[in-house]
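Visitor: Spelled out from the first residue to the last, the chains are:
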Amino acid sequence: GAVVSQHPSRVICKSGTSVKIECRSLDFQATTMFWYRQFPKQSLMLMATSNEGSKATYEQGVEKDKFLINHASLTLSTLTVTSAHPEDSSFYICSAKGINSNQPQHFGDGTRLSIL
Amino acid sequence: AQSVTQLGSHVSVSEGALVLLRCNYSSSVPPYLFWYVQYPNQGLQLLLKYTTGATLVKGINGFEAEFKKSETSFHLTKPSAHMSDAAEYFCAVSSWFNQGGKLIFGQGTELSVKP
Numbered sequence: 001g002a003v004v005s006q007h008p009s010r011v012i013c014k015s016g017t018s019v020k021i022e023c024r025s026l027d028f029q030a031t032t033m034f035w036y037r038q039f040p041k042q043s044l045m046l047m048a049t050s051n052e053g054s055k056a057t058y059e060q061g062v063e064k065d066k067f068l069i070n071h072a073s074l075t076l077s078t079l080t081v082t083s084a085h086p087e088d089s090s091f092y093i094c095s096a097k098g099i100n101s102n103q104p105q106h107f108g109d110g111t112r113l114s115i116l
Numbered sequence: 001a002q003s004v005t006q007l008g009s010h011v012s013v014s015e016g017a018l019v020l021l022r023c024n025y026s027s028s029v030p031p032y033l034f035w036y037v038q039y040p041n042q043g044l045q046l047l048l049k050y051t052t053g054a055t056l057v058k059g060i061n062g063f064e065a066e067f068k069k070s071e072t073s074f075h076l077t078k079p080s081a082h083m084s085d086a087a088e089y090f091c092a093v094s095s096w097f098n099q100g101g102k103l104i105f106g107q108g109t110e111l112s113v114k115p
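Each protein sequence line maps, in turn, to chains A and B. Going left to right, the first sequence walks through residues 1 to 116 as this note's numbering numbers them. Going left to right, the second sequence walks through residues 1 to 115 as this note's numbering numbers them.
Just so you know, these hints were derived from the structure itself, not from any lab. Fair warning: there could be bad hints in the mix.
To be verified - Cut-off 30 Å, straight-line C-alpha distance, at most; resulting in silico cross-link-like pairs (DSS-like, lysine-lysine):
#1 A:Lys14 <-> A:Lys64
#2 A:Lys41 <-> B:Lys58
#3 B:Lys58 <-> B:Lys69
#4 B:Lys49 <-> B:Lys68
#5 A:Lys66 <-> B:Lys102
#6 A:Lys64 <-> B:Lys102
#7 A:Lys41 <-> B:Lys68
#8 A:Lys55 <-> B:Lys102
#9 A:Lys41 <-> B:Lys114
#10 B:Lys68 <-> B:Lys102
Values in this document were obtained by computation on a predicted structure and should not be read as measured data.
Can you make the complete structure from the sequences, with help from the hints?
Guide: Written out as structure tokens, the structure is:
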């Protein structure tokens with residue numbers, strides 16, 4: 001089946017630093033990638049949708065200057081958490097989807113971000 | 001607009017017993033429906049999906065779900081629970097009309113399996 005690789009799986013860093021998370025589709029072309037945030041014991045909250053070669057579409061309440069998304073190729077999207085603070089600590093998950101409308105999203109294994 | 005409601009945030013069954021996880025959806029357009037499973041500290045794995053065609057959908061690990069339009073439901077079942085089925089399960093809805101296939105998730109149901 002389709003594989004999505006997310007890296008790193010875990011990050012611990014100091015407050016004020018920026019953290020980049022990569023999401024790669026390994027065996028298909030991902031025309032659309034999604035970034036989610038998940039709090040403990042809760043569902044996934046969609047942060048933004050990115051289409052290759054265009055600007056990401058952010059959900060209401062998500063700061064685009066805080067969470068920078070780049071989707072420069074059909075196999076790679078990145079999420080950069082800028083000037084991270086402890087409240088940004090969370091589990092971040094990406095997913096990728098091919099061009100066909102009824103194809104499901106395939107998810108990465110997530111990144112546990114801890115800001116000290 | 002679309003939404004998903006999963007009835008029961010936690011379900012506990014005995015090993016070998018029937019698993020039933022409930023999902024009801026709301027959609028103003030023909031829905032695509034999905035069930036995903038999440039193990040601790042991992043991403044989501046697709047169990048099964050319904051887009052069009054046969055309303056009884058079979059997925060991986062012995063799970064199946066039936067799309068019932070009249071009841072706006074997409075309940076997940078498995079005849080006999082296994083210890084390895086213990087995980088968090090998410091029902092989700094999308095549609096062809098949602099730009100990029102945006103998924104709307106339910107709140108999730110945690111399945112516990114007792115020996």
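Visitor: Each hint should be assessed against the structure and marked as holding or not.
Guide: Here is how each hint holds up against the structure:
no., hint, result
1, A:Lys14 <-> A:Lys64, "holds, 21 Å"
2, A:Lys41 <-> B:Lys58, "holds, 27 Å"
3, B:Lys58 <-> B:Lys69, "holds, 17 Å"
4, B:Lys49 <-> B:Lys68, "holds, 14 Å"
5, A:Lys66 <-> B:Lys102, "holds, 22 Å"
6, A:Lys64 <-> B:Lys102, "holds, 18 Å"
7, A:Lys41 <-> B:Lys68, "holds, 28 Å"
8, A:Lys55 <-> B:Lys102, "holds, 16 Å"
9, A:Lys41 <-> B:Lys114, "holds, 20 Å"
10, B:Lys68 <-> B:Lys102, "holds, 22 Å"
Hint compliance for this structure: every hint is met.
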